[in-house]
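Protein chains in written order, with the UniProt record's numbering: chain B, 1 to 358; chain C, 1 to 350.
Just so you know, these hints were derived from the structure itself, not from any lab. Heads up, a few of these hints could be off.
Unchecked claim - Away from chain C, derived, C-beta distances all over 12 Å, residues of chain B:
id	residue
1	ASN117
2	VAL190
3	ILE219
4	ARG224
5	ALA247
6	LEU268
7	ILE342
To be verified - To give a feel for the contact side, a few chain B residues facing chain C, derived at Cβ under 8 Å:
id	residue
8	SER29
9	ALA63
10	THR68
11	SER177
12	SER193
13	ASN283
14	VAL323
15	GLU326
16	PRO329
17	LYS333
18	VAL349
19	ARG353
What the hints assert, rightly or not - Below are the EDC-like pairs computed for lysine to aspartate or glutamate, each with C-alpha atoms no more than 16 Å apart in a straight line:
id	chain 1	residue 1	chain 2	residue 2
20	C	LYS132	C	GLU220
21	C	LYS265	B	ASP194
22	B	LYS167	C	ASP79
23	C	LYS147	C	ASP124
24	C	LYS244	B	ASP196
For each residue, glycine too, the CB sits at the ideal point set by N, CA and C.
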Amino acid sequence: MSQAVAGPALEAGDPGGSGGPDERLARRSPLRRLLGRPELGALLGAIAVFAFFSVVADAFLRASSFSTVLYAGSTFGIMAVGVSLLMIGGEFDLSAGVMVTTSALIASLLSYQLTLNVWAGVLISLALTLALGLLNGVLYVRTGLPSFIITLATFFMLAGANLGVTKAVTGNVATDSIRDMDGFASARAVFASDVDIAGVNVNVTVFWWLLLVAVATWILLRTRTGNWIFAAGGAPASARAVGVPVARTKIGLFMGVAFCAWLSGMHLLFAFATVQSGEGVGNEFFYIICAVIGGCLLTGGYGSAVGAAIGAFIFGMTNKGIVYAEWNPDWFKFFLGAMLLIATVVNLVVRRRVERSR
Amino acid sequence: MRRRTSKRTAEDMTSTAPPTAARPAGGGIRARGMLALAAAGALALGACSGSGGKKAEESAGPGSERMTVAMVTHSGPGDTFWDIVQKGARAAAGKGNVEFLYSADPDGGKQAQLVQAAIDKKVDGIIVTFAKPDALKDVVARATAAKIPVVSINSGADVSAGFGAIAHFGQDETIAGEAAGRELSRIGARRALCVIHEQGNVGLEDRCAGAKKTFGGRLENLFVQGTNMPQVKSSITAKLQADKDVDGILTLGAPFAATAVDSVKEAGGKAKVGTFDMNKDLVASLKAGTIEFAVDQQPYLQGYGAVDALWLMKHNGNAVGGGRPVLTGPAIVTRDTAAAIEKFAAQGTR
Numbered sequence: 001m002s003q004a005v006a007g008p009a010l011e012a013g014d015p016g017g018s019g020g021p022d023e024r025l026a027r028r029s030p031l032r033r034l035l036g037r038p039e040l041g042a043l044l045g046a047i048a049v050f051a052f053f054s055v056v057a058d059a060f061l062r063a064s065s066f067s068t069v070l071y072a073g074s075t076f077g078i079m080a081v082g083v084s085l086l087m088i089g090g091e092f093d094l095s096a097g098v099m100v101t102t103s104a105l106i107a108s109l110l111s112y113q114l115t116l117n118v119w120a121g122v123l124i125s126l127a128l129t130l131a132l133g134l135l136n137g138v139l140y141v142r143t144g145l146p147s148f149i150i151t152l153a154t155f156f157m158l159a160g161a162n163l164g165v166t167k168a169v170t171g172n173v174a175t176d177s178i179r180d181m182d183g184f185a186s187a188r189a190v191f192a193s194d195v196d197i198a199g200v201n202v203n204v205t206v207f208w209w210l211l212l213v214a215v216a217t218w219i220l221l222r223t224r225t226g227n228w229i230f231a232a233g234g235a236p237a238s239a240r241a242v243g244v245p246v247a248r249t250k251i252g253l254f255m256g257v258a259f260c261a262w263l264s265g266m267h268l269l270f271a272f273a274t275v276q277s278g279e280g281v282g283n284e285f286f287y288i289i290c291a292v293i294g295g296c297l298l299t300g301g302y303g304s305a306v307g308a309a310i311g312a313f314i315f316g317m318t319n320k321g322i323v324y325a326e327w328n329p330d331w332f333k334f335f336l337g338a339m340l341l342i343a344t345v346v347n348l349v350v351r352r353r354v355e356r357s358r
Numbered sequence: 001m002r003r004r005t006s007k008r009t010a011e012d013m014t015s016t017a018p019p020t021a022a023r024p025a026g027g028g029i030r031a032r033g034m035l036a037l038a039a040a041g042a043l044a045l046g047a048c049s050g051s052g053g054k055k056a057e058e059s060a061g062p063g064s065e066r067m068t069v070a071m072v073t074h075s076g077p078g079d080t081f082w083d084i085v086q087k088g089a090r091a092a093a094g095k096g097n098v099e100f101l102y103s104a105d106p107d108g109g110k111q112a113q114l115v116q117a118a119i120d121k122k123v124d125g126i127i128v129t130f131a132k133p134d135a136l137k138d139v140v141a142r143a144t145a146a147k148i149p150v151v152s153i154n155s156g157a158d159v160s161a162g163f164g165a166i167a168h169f170g171q172d173e174t175i176a177g178e179a180a181g182r183e184l185s186r187i188g189a190r191r192a193l194c195v196i197h198e199q200g201n202v203g204l205e206d207r208c209a210g211a212k213k214t215f216g217g218r219l220e221n222l223f224v225q226g227t228n229m230p231q232v233k234s235s236i237t238a239k240l241q242a243d244k245d246v247d248g249i250l251t252l253g254a255p256f257a258a259t260a261v262d263s264v265k266e267a268g269g270k271a272k273v274g275t276f277d278m279n280k281d282l283v284a285s286l287k288a289g290t291i292e293f294a295v296d297q298q299p300y301l302q303g304y305g306a307v308d309a310l311w312l313m314k315h316n317g318n319a320v321g322g323g324r325p326v327l328t329g330p331a332i333v334t335r336d337t338a339a340a341i342e343k344f345a346a347q348g349t350r
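Please construct the entire structure, taking both the sequences and the accompanying hints into account.
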């Protein structure tokens, strides 16, 4: 089905046989190519949501509001990059939400308890968080259990360890503030500062987000690894048969999620200086939602990082648009669900139409 | 029957066995502490008189007999507030030769199962929260039928006595909200937000409703996702951008107050921030004046008082509260009073 667009490596057996010469060799017009992109539906959804809130919420169109929406989108979006790549590779990571908190806790606890420069904590946290991703990946590859189960297990273990370790070390369930420690100011500048662009404060997470999306898109569309990811997610058996290192690719993808979790965790730590050990539970679903709105298939093998970014942006717009529109907060989740449904349906309709026209 | 308890409970139960007597009692528990001290003092005096007979027998009795108390709350894991409740309970347990067992589950049905597990273990007293009263009604009736005294804390003041609990320690959320509303007026706010970090939590809604009653200006609820701090921040920022007239923010948990201050900075607003609950960072902010006031319900006191009430009932037949809830708050902390509790907040007991 749709794998044809994004996964050129997988074109092996298209049984379509719609007559005429080999359709895979036919040149498609640029418009057709655009329509075949997985993120097109999400883009139209984003435009619809944007137009909707522009009409119903006065404050939505202000520049300062836009930066708040971008910030909200970026905190989901950074994680959505790693999660969407993993989903294209055919897997889930339910530990992604608490892993963000774990990463922040590691950096905070190490720096404070050992009185280290906070950068040391940041780097050790990077190593340990990547190790967690590696663990997820290796467990998945070795056991052959669904990633859903493996990462569900690590989700619980991390949530428990977050609380248990924090309490054992500090005696409280939140970490001590590291605001006055060496390196905090520079780390804050990197992970949680604002940049003034034409009078609008843009949070640095937005740039990290855009950079990650660019890198991920390049990997997916321009490198051999990208082909491996599509192949591993779309048809792992045939991929393995043609020599794709499926196991290595999937382990790498789990580590990609871990890297994003580390980046988000560092933002959490340096934006708020203390970390509550119970945070992060439930956020993994929002990351997956962003990827799905952005056109990633739950079955793997299809999707894009740009789509996930648009998905995160839609989620950010919806999340904050409801506040700007000043709707009754009792109905917040209802509105949120309705907006997500609309965005995803627009996405779906567009994609179906595109597929039919091909 | 231990199988019924969750893994988390089992861990808690084993880890809590040795009483942590070393932890000093906070200032907020002075009243109850005095009571316990007075009781202990009376006993000591009794022993001193040393004329044998009845008095000697009495002095050997109270306080020395070990008892087991189980606390079962509706807390999710990793919550600062319930951590402080436990510290209070452990301090009282350590003083009174009480073995303290803690377990919790936010799901009402599972919380009831944990209470049943405590009944099966034949503990000498059960402390419970009535956040979801209907789910716990039957199991508490079974506890009282088994002659296990029940004390409720935190939530459920209105149903506590009716369910057969011997005492209730907690803050009346509406009264606390009213205190917060008066504070908001005092700091000169005219148009304020009440930030709810957990949707559908009755206690939080009551606080906002109480504040609405006494606040002179207009108070509006704002919902944020409490488990995701960046979202809390951007939502408050968004609200301040949408409504430039907001000049007061009331958060319902201490960590959210610090985030609200960040949001005010970001949105370039003038809103002053007040909050419910307490932690050590908050004391610093109160002293610095970045946060105006905190409405503390003294969770330490809830844990301490509940264990003590069970102790007093067993050892001296006391009934605390006379059938009415014992209020542990609101205690208002402002810039002027923050220094006095700094030490206790730093050790996580206030």
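Verification of the hints:
| no. | hint | result |
| --- | --- | --- |
| 1 | ASN117 | holds, 22 Å |
| 2 | VAL190 | holds, 16 Å |
| 3 | ILE219 | holds, 26 Å |
| 4 | ARG224 | holds, 35 Å |
| 5 | ALA247 | holds, 32 Å |
| 6 | LEU268 | violated, 6 Å |
| 7 | ILE342 | holds, 20 Å |
| 8 | SER29 | violated, 41 Å |
| 9 | ALA63 | violated, 10 Å |
| 10 | THR68 | holds, 5 Å |
| 11 | SER177 | holds, 6 Å |
| 12 | SER193 | violated, 12 Å |
| 13 | ASN283 | holds, 6 Å |
| 14 | VAL323 | holds, 4 Å |
| 15 | GLU326 | holds, 6 Å |
| 16 | PRO329 | holds, 4 Å |
| 17 | LYS333 | holds, 7 Å |
| 18 | VAL349 | violated, 29 Å |
| 19 | ARG353 | violated, 34 Å |
| 20 | C:LYS132 <-> C:GLU220 | violated, 26 Å |
| 21 | C:LYS265 <-> B:ASP194 | holds, 12 Å |
| 22 | B:LYS167 <-> C:ASP79 | holds, 11 Å |
| 23 | C:LYS147 <-> C:ASP124 | holds, 9 Å |
| 24 | C:LYS244 <-> B:ASP196 | violated, 21 Å |
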